[in-house]
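Construct all of the structure, not just a fragment, from the sequences and the given hints.
In order, the protein sequence lines correspond to chains A and B.
If you use my numbering, the first sequence corresponds to residues 1 to 236, in order.
If you use my numbering, the second sequence corresponds to residues 1 to 236, in order.
Where chains are identical, the list cannot tell them apart; a pair therefore holds if satisfied intra-copy or between any two copies.
Here are the computed lysine to aspartate or glutamate pairs in the EDC-like style, where the Cα-Cα straight-line distance is at most 20 Å: (1) 115 <-> 146; (2) 105 <-> 146; (3) 139 <-> 177; (4) 35 <-> 83; (5) 139 <-> 112.
Hints are computed from structural coordinates only; laboratory data are not their basis.
Remember, predicted model here, so these are calculated numbers, not experimental data.
There are 2 protein chains.
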Amino acid sequence: MSLSGVRALAFDVFGTVVDWRSTIIEEGGRLNREKGLDVDWAAFADAWREEYRPSMDRVRRGELPWTKLDDLHRASLEKLLDEFGVEGLNDAEKERLNRVWHRLKPWPDAVEGLKRLRRRYILATLSNGNVALLVNMAKRAGLPWDCVLSAELARRYKPDREVYLMAAELLGLKAGEVGMVAAHAEDLLAARQAGLRTVFVPRPLEFGPGGAAEAPDPSFDMVVEDLTDLARRLGL
Amino acid sequence: MSLSGVRALAFDVFGTVVDWRSTIIEEGGRLNREKGLDVDWAAFADAWREEYRPSMDRVRRGELPWTKLDDLHRASLEKLLDEFGVEGLNDAEKERLNRVWHRLKPWPDAVEGLKRLRRRYILATLSNGNVALLVNMAKRAGLPWDCVLSAELARRYKPDREVYLMAAELLGLKAGEVGMVAAHAEDLLAARQAGLRTVFVPRPLEFGPGGAAEAPDPSFDMVVEDLTDLARRLGL
Numbered sequence: 001m002s003l004s005g006v007r008a009l010a011f012d013v014f015g016t017v018v019d020w021r022s023t024i025i026e027e028g029g030r031l032n033r034e035k036g037l038d039v040d041w042a043a044f045a046d047a048w049r050e051e052y053r054p055s056m057d058r059v060r061r062g063e064l065p066w067t068k069l070d071d072l073h074r075a076s077l078e079k080l081l082d083e084f085g086v087e088g089l090n091d092a093e094k095e096r097l098n099r100v101w102h103r104l105k106p107w108p109d110a111v112e113g114l115k116r117l118r119r120r121y122i123l124a125t126l127s128n129g130n131v132a133l134l135v136n137m138a139k140r141a142g143l144p145w146d147c148v149l150s151a152e153l154a155r156r157y158k159p160d161r162e163v164y165l166m167a168a169e170l171l172g173l174k175a176g177e178v179g180m181v182a183a184h185a186e187d188l189l190a191a192r193q194a195g196l197r198t199v200f201v202p203r204p205l206e207f208g209p210g211g212a213a214e215a216p217d218p219s220f221d222m223v224v225e226d227l228t229d230l231a232r233r234l235g236l
Numbered sequence: 001m002s003l004s005g006v007r008a009l010a011f012d013v014f015g016t017v018v019d020w021r022s023t024i025i026e027e028g029g030r031l032n033r034e035k036g037l038d039v040d041w042a043a044f045a046d047a048w049r050e051e052y053r054p055s056m057d058r059v060r061r062g063e064l065p066w067t068k069l070d071d072l073h074r075a076s077l078e079k080l081l082d083e084f085g086v087e088g089l090n091d092a093e094k095e096r097l098n099r100v101w102h103r104l105k106p107w108p109d110a111v112e113g114l115k116r117l118r119r120r121y122i123l124a125t126l127s128n129g130n131v132a133l134l135v136n137m138a139k140r141a142g143l144p145w146d147c148v149l150s151a152e153l154a155r156r157y158k159p160d161r162e163v164y165l166m167a168a169e170l171l172g173l174k175a176g177e178v179g180m181v182a183a184h185a186e187d188l189l190a191a192r193q194a195g196l197r198t199v200f201v202p203r204p205l206e207f208g209p210g211g212a213a214e215a216p217d218p219s220f221d222m223v224v225e226d227l228t229d230l231a232r233r234l235g236l
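As structure tokens, then:
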């Protein structure tokens with residue numbers, strides 16, 4: 001288990017670095033009180049996240065032209081507000097709710113782990129979130145990225161191979177000099193096929209207390225407990 | 001003189017934030033001693049910089065396909081080593097010299113000014129330097145960017161309009177919500193034509209003690225002394 005030769009770490013963000021579910025539940029609870037709503041925000045968060053993959057897949061298959069994640073999230077939001085029977089939100093309120101994805105809170109180990117990892121490695125995002133989303137999130141949460149890289153820059157969504165290759169190219173590195181860090185096996189398997197190294201960080205609470213935990217694949221270069229554990233194992 | 005409504009500041013880098021000339025002279029002097037050379041590195045730095053614009057213009061006019069700045073710098077370097085009669089550098093030594101552009105040192109006010117500006121604004125580079133160059137430079141010099149944006153992402157060089165519009169688009173802002181900060185009038189005039197706001201920072205020593213100082217244009221939104229002065233005038 002080592003990352004010898006790796007110069008940069010590229011991080012998946014949703015679920016790996018930030019806890020989308022808890023943040024949506026927390027902000028949604030506040031919206032319930034403000035607007036006199038009675039929405040089950042845990043169910044809403046899960047449903048919103050469930051729309052994520054099929055909406056990107058429509059872009060990946062070419063059924064939709066390139067559409068950034070903010071806009072896919074907004075289309076899903078409109079659908080879910082209807083399905084959950086939420087009424088009385090004006091456009092500005094819907095837009096504010098949609099931008100909860102810009103305000104997601106980091107897992108408790110994330111900021112400290114990243115700060116320690118940054119001493120030796122170039123730290124980049126490599127997320128399907130659009131650049132503005134990732135920049136706003138980082139500024140708010142104090143995530144110390146050296147570089148914000150996004151599927152938006154390749155106009156392709158992960159797990160398309162081009163996204164991983166773009167990250168190495170923009171960082172001026174060979175694919176094998178970049179380590180992809182993610183809580184999702186599919187992301188890491190695609191990164192590995194593109195020649196990147198791989199670090200699996202389990203996030204058993206990503207989908208809530210009863211959610212399904214992902215298992216690591218034997219091919220991964222490292223499996224760690226969380227981002228401070230990764231720093232510790234790398235001697236940082 | 002104000003920047004009301006501006007949410008992000010986009011910085012030209014070479015000359016505006018970092019002092020390319022002094023860094024090349026300093027590193028070149030070291031190379032003279034190490035390799036027993038007798039190069040006039042001030043003249044070399046000036047000549048290297050003079051190749052910059054025509055080399056990018058060949059890309060801008062479509063005479064060359066997209067070529068990142070590292071590679072344009074390297075082609076100019078080969079030419080100048082020949083012109084200056086420098087012999088005895090192997091490929092690794094040339095590559096290390098070429099990457100002096102990744103190691104440029106900030107002007108004395110830059111790091112403090114940026115740290116203060118970052119309290120209120122999103123800070124991005126908007127440079128013709130490629131992403132890896134800008135990331136390596138920032139990490140080394142402690143430049144606290146929220147986001148590294150580069151001509152490389154648009155595959156067009158400034159002052160092409162598309163580069164400025166790309167910055168606003170990627171930051172999720174209107175052009176008028178982005179302020180371009182530069183020491184070069186041409187850059188700011190092009191930014192202004194694309195709808196950005198403009199801040200001129202004179203750098204009278206950019207081209208050395210006898211170099212030509214650029215004058216501000218009356219159309220610029222702000223003219224400041226340096227980046228700490230900009231922070232001060234914005235109440236930061």
